[in-house]
Amino acid sequence: MRHYLDFEKPVADLEGKIEELRHLSEADGINIADEVARLTEKADRQLRATYAKLTPWQKTQVARHPDRPKARDCIATLIAEYTPLAGDRAFAEDSAVLGGIGRFRGRAVMVLGTEKGSDTETRIAHNFGMARPEGYRKARRLIELAGRFGLPVLTFVDTSGAFPGIEAEARGQAEAIARSIEACLSAPVPVVAAIIGEGGSGGAIALAAGDAVLMMEHAVYSVISPEGCASILWRDAAQAPVAAEALRITADDLKRLKLIDAIVPEPLGGAQRDPAAALAGLADAIGAALAPLLGHDGPGLIARRREKFLAMGRDSLI
Amino acid sequence: MSWLTEYVRPKIRTLLGRRDVPENLWVQCPACEQMMFHTDLEKNLKVCTHCGHHMRASVTERLAWTFDAGSFARIELPKTPADPLRFRDSQRYTERLKSAREKTGLDDALVVAHGAVGGHRAVVAVMVFEFMGGSMGAAVGEGLLAAARLAVLQEAPLIVFTASGGARMQEGAVSLMQMPRTVIATQLVKEAGLPFIVVLTDPTTGGVTASFTMLGDIQIAEPGALIGFAGARVIEQTVREKLPEGFQRAEYLLEHGILDMVVKRTELAATLARIIGLLRVKELEAA
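Each protein sequence line maps, in turn, to chains F and D.
Residue numbers for the first sequence follow the working numbering, so the first one is 1 and each next one is one higher.
Residue numbers for the second sequence follow the working numbering, so the first one is 1 and each next one is one higher.
Please note that the accuracy of each hint is not assured.
Said to hold, decoys possible - Listed next, with one range per pair, are the computed distances between beta-carbon atoms:
#	chain 1	residue 1	chain 2	residue 2	range
1	F	ALA125	D	ARG56	41 to 49 Å
2	D	GLU130	F	ASP236	24 to 32 Å
3	F	ALA86	D	ALA270	43 to 51 Å
4	F	ALA86	D	ALA192	32 to 40 Å
5	D	GLU267	F	GLU81	36 to 44 Å
6	D	GLY277	F	PRO66	54 to 62 Å
7	D	MET55	F	THR83	37 to 45 Å
8	D	GLY105	F	ARG45	57 to 65 Å
9	F	GLU167	D	PRO30	28 to 36 Å
10	D	PRO244	F	ILE124	21 to 29 Å
11	F	ILE124	D	HIS50	48 to 56 Å
12	D	PRO244	F	GLY106	48 to 56 Å
Unchecked claim - Some chain F residues close to chain D (C-beta under 10 Å, calculated; not the full set):
#	residue
13	LEU47
14	GLY100
15	LEU257
To be verified - Computed list of lysine to any residue pairs in SDA-like fashion (alpha-carbon distance at most 20 Å, straight line):
#	chain 1	residue 1	chain 2	residue 2
16	D	LYS79	F	ARG314
17	D	LYS190	F	PRO188
18	D	LYS79	F	ALA311
19	F	LYS258	D	ALA82
20	D	LYS190	F	LYS9
21	F	LYS53	F	GLU41
22	D	LYS190	F	LEU310
23	D	LYS43	D	THR271
24	F	LYS42	F	ASP6
25	D	LYS190	F	GLY300
26	F	LYS308	D	PRO81
27	F	LYS258	D	LEU25
28	F	LYS258	D	ASP83
29	F	LYS17	F	ASP44
30	D	LYS190	F	LEU185
31	F	LYS9	F	GLU41
32	F	LYS308	D	LEU145
33	D	LYS79	F	GLU307
34	D	LYS43	D	LEU268
35	F	LYS53	F	ALA43
36	F	LYS258	D	THR80
37	D	LYS46	D	ILE75
Simulated from the structure, these hints should not be mistaken for lab results.
Model, not experiment: these values are computed from the prediction.
Every residue, glycine too, gets a C-beta built ideally from N, C-alpha and C.
Excised from the complex, chain F in its bound form (with noise of 0.2 Å):
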């Protein structure tokens, strides 16, 4: 059963009468081709429109899509040989924060991912993408190890933010993504930063310091979640669709905003309709971006990588 999201419910319409005629077909032989094909193009059409001009507050619904490809879905397709490597050597093994090392397009790379979960057991097991002091720590040290054995860093992100809980905060969750961040900026290798999914504030920029970042077309990446920002500056949580217009949350806004590299365009109807394509796209994003970044060396990449970084907002104006 394809998962719908509310504004979606025109193609859902339609989808389900073509699925109520192929029913009848199969079981009556009725030759109905003709009426399938026609509404196929008819939904197809209407697939067209929805996603051509989706608003913000509908671009976040779908960055949140449960059949969206997840990080995990990223490593099973981009990376072979993928080696999980766990813990941060001081309190515990965060299962937010997927990490290893594999093989992307047959170079050796360190992959760190924040991974939601895509029903109800896996996100309780990955606590829904929202990491802990100790995935931070374990992507710093992911990162460090990657520097010292020259290990290209790929990183999937995609979480509402970093977990907002008392422990969190007794083991220094500020800390350690702060010390994220540092690690990001002060690696001798390239970094590329994929916004797959919902690209959460301080949790999200963690992983995302790198040297190019990219943006899944669907994708939203933002300082706080457009419900939160309602509440705060319209109190009212409702009001989340205009905050999330407000704020400024798309792949496109963000490109204008020079804060982003490039956007990877997702199949028709998002990556969720066919997760296959929306991989292949999002893998030749990651190979293009990665090719220029191989002929520096440390130094250069971490002042280039600076740079970047502090010509960001000089003269980025929408």
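Since chain F is already given, all that's left is putting chain D on it; use the hints.
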């Protein structure tokens, strides 16, 4: 409804009238509710003479208390795009900025000055909580970078007094990018072999805590200061538990190994001077 306006007006007049009486000669401590004469409170650096509660301080006071003989020079900070998102909620961001500027007489939520601390050259950056909750947007980020560059130029330690509600939402992802940008500021200072000292004051939260604030070579906090990443309300809603006594206070962070020390405001300048003296071995050797 004229009876209502007639009824309300005299009340407002009496309220306004009362303001003219010089009642602010006496200040009430928000913690213990005891009264203090204003000169006594000022002499004690805005620390309650009864219970030791540290009240919030203004930028001018911070700078005066920190530099030797209260003498320092402020630097002008770089200009940044004023409203990168053209943001508006119930009010335009540009209007909020304007009223914050009128209220504080400052351009944004950071002030940078240089002078001597305990006889050592030092650059001091102070975050201004009264300016939109001390929130960090491009101006604060650029200001911290300017402070770091000045420290490097003067071969002086950088001391930052933090006070912030976190990122400036009105600048969206531009404010988020100030996290890596301010981390770079700390790297500039450290790479030059200079101490980066953070003094966390009440309150320091959100993205400001999770970037340059937590990267100090030495981390000092004022007693009772609220310090954390996530807001207490958000945590309560997420974990559905009552927060422990003293949660996210300076003493709690000290106990959890996140700070080097909690220092009373009255001892802060001397502590900073001593630390700089001890860390600046290179400076002494060169001299």
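Against the structure, the hints come out as follows:
Taken as a hint, the range 41 to 49 Å holds for the pair ALA125 (chain F) and ARG56 (chain D), whose Cβ atoms sit roughly 43 Å apart. Against the hinted window of 24 to 32 Å, the Cβ-Cβ separation of GLU130 (chain D) and ASP236 (chain F) comes to about 26 Å, which satisfies the hint. The given range of 43 to 51 Å is respected by ALA86 (chain F) and ALA270 (chain D), whose C-beta atoms sit roughly 46 Å from each other. For the pair ALA86 (chain F) and ALA192 (chain D), the supplied restraint of 32 to 40 Å holds, since their beta-carbon distance comes to about 37 Å.
Range check, GLU267 (chain D) to GLU81 (chain F): about 57 Å between beta-carbon atoms, so the 36 to 44 Å window is missed. The hinted range of 54 to 62 Å is satisfied by GLY277 (chain D) and PRO66 (chain F), whose Cβ atoms lie roughly 58 Å apart. Judged by the Cβ atoms, the range 37 to 45 Å given for MET55 (chain D) and THR83 (chain F) is violated: they are separated by roughly 55 Å. Roughly 58 Å separates the CB atoms of GLY105 (chain D) and ARG45 (chain F), a value that falls within the hinted 57 to 65 Å.
Judged by the Cβ atoms, the range 28 to 36 Å given for GLU167 (chain F) and PRO30 (chain D) holds: they are separated by roughly 30 Å. Taken as a hint, the range 21 to 29 Å holds for the pair PRO244 (chain D) and ILE124 (chain F), whose Cβ atoms sit roughly 25 Å apart. Under the hint 48 to 56 Å, the C-beta atoms of ILE124 (chain F) and HIS50 (chain D), about 50 Å apart, fit the expected range. Checked against the given bound of 48 to 56 Å, the beta carbons of PRO244 (chain D) and GLY106 (chain F), roughly 51 Å apart, stay inside it.
Checking LEU47 (chain F) against chain D by beta carbon gives a least distance of about 28 Å; that is not within 10 Å, so the hint is violated. At about 24 Å, the closest approach between the beta carbon of GLY100 (chain F) and any beta carbon in chain D exceeds 10 Å, and the interface hint on this residue is violated. Of the supplied interface hints, the one on LEU257 (chain F) holds, with its beta-carbon coming within about 6 Å of a beta-carbon of chain D, less than 10 Å. Restraint check: the Cα-Cα separation between LYS79 (chain D) and ARG314 (chain F) comes to about 9 Å, which is no more than 20 Å; the hinted pair holds.
A threshold of 20 Å between alpha carbons decides the hint, and for LYS190 (chain D) with PRO188 (chain F) the separation of about 17 Å falls inside it, so the pair holds. At most 20 Å may separate the alpha-carbon atoms for a hinted pair to count; LYS79 (chain D) and ALA311 (chain F) meet this at roughly 13 Å. Restraint check for LYS258 (chain F) and ALA82 (chain D): satisfied, since their Cα atoms lie roughly 16 Å apart, inside the 20 Å limit. Between LYS190 (chain D) and LYS9 (chain F), the direct Cα distance comes to roughly 56 Å. Violation of the 20 Å bound is thereby established for this hinted pair.
Between LYS53 (chain F) and GLU41 (chain F) the CA atoms are separated by roughly 19 Å; this keeps the pair inside 20 Å, and the hint holds. Under the criterion of a C-alpha separation no larger than 20 Å, the hint pairing LYS190 (chain D) with LEU310 (chain F) is consistent with the structure, at around 17 Å. With a C-alpha separation of about 18 Å, the suggested pairing of LYS43 (chain D) with THR271 (chain D) holds against the 20 Å cut-off. Our distance criterion of 20 Å between C-alpha atoms is met by LYS42 (chain F) and ASP6 (chain F), whose separation comes to about 19 Å.
At roughly 19 Å between alpha-carbon atoms, LYS190 (chain D) and GLY300 (chain F) fall within 20 Å of each other, so this suggested pair holds. Taken as a hint, the LYS308 (chain F) and PRO81 (chain D) pair is honoured in the structure, with Cα atoms around 17 Å apart against an allowance of 20 Å. Taking the CA atoms of LYS258 (chain F) and LEU25 (chain D), the gap is about 52 Å. The hint is violated against a cut of 20 Å. Restraint check for LYS258 (chain F) and ASP83 (chain D): satisfied, since their Cα atoms lie roughly 15 Å apart, inside the 20 Å limit.
With a C-alpha separation of about 13 Å, the suggested pairing of LYS17 (chain F) with ASP44 (chain F) holds against the 20 Å cut-off. Only pairs whose Cα atoms come within 20 Å are accepted, and LYS190 (chain D) paired with LEU185 (chain F) is accepted, the gap being roughly 14 Å. Note on LYS9 (chain F) and GLU41 (chain F): the hinted pairing holds, with a Cα-Cα distance of about 16 Å set against a maximum of 20 Å. Proposed proximity of LYS308 (chain F) and LEU145 (chain D) is supported: the alpha carbons are some 14 Å apart, at most 20 Å.
At roughly 18 Å between alpha-carbon atoms, LYS79 (chain D) and GLU307 (chain F) fall within 20 Å of each other, so this suggested pair holds. For a cut-off of 20 Å, the pair hint linking LYS43 (chain D) to LEU268 (chain D) stands: about 14 Å separates their Cα positions. For a cut-off of 20 Å, the pair hint linking LYS53 (chain F) to ALA43 (chain F) stands: about 16 Å separates their Cα positions. Annotation: proposed proximity of LYS258 (chain F) to THR80 (chain D) holds, straight-line Cα distance about 15 Å (limit 20 Å).
For the hint linking LYS46 (chain D) to ILE75 (chain D), the alpha-carbon distance of about 26 Å lies beyond 20 Å, and the restraint is violated.
Violated hints, listed in ascending order, are 5, 7, 13, 14, 20, 27, 37; each of the other numbered hints is respected by the structure.
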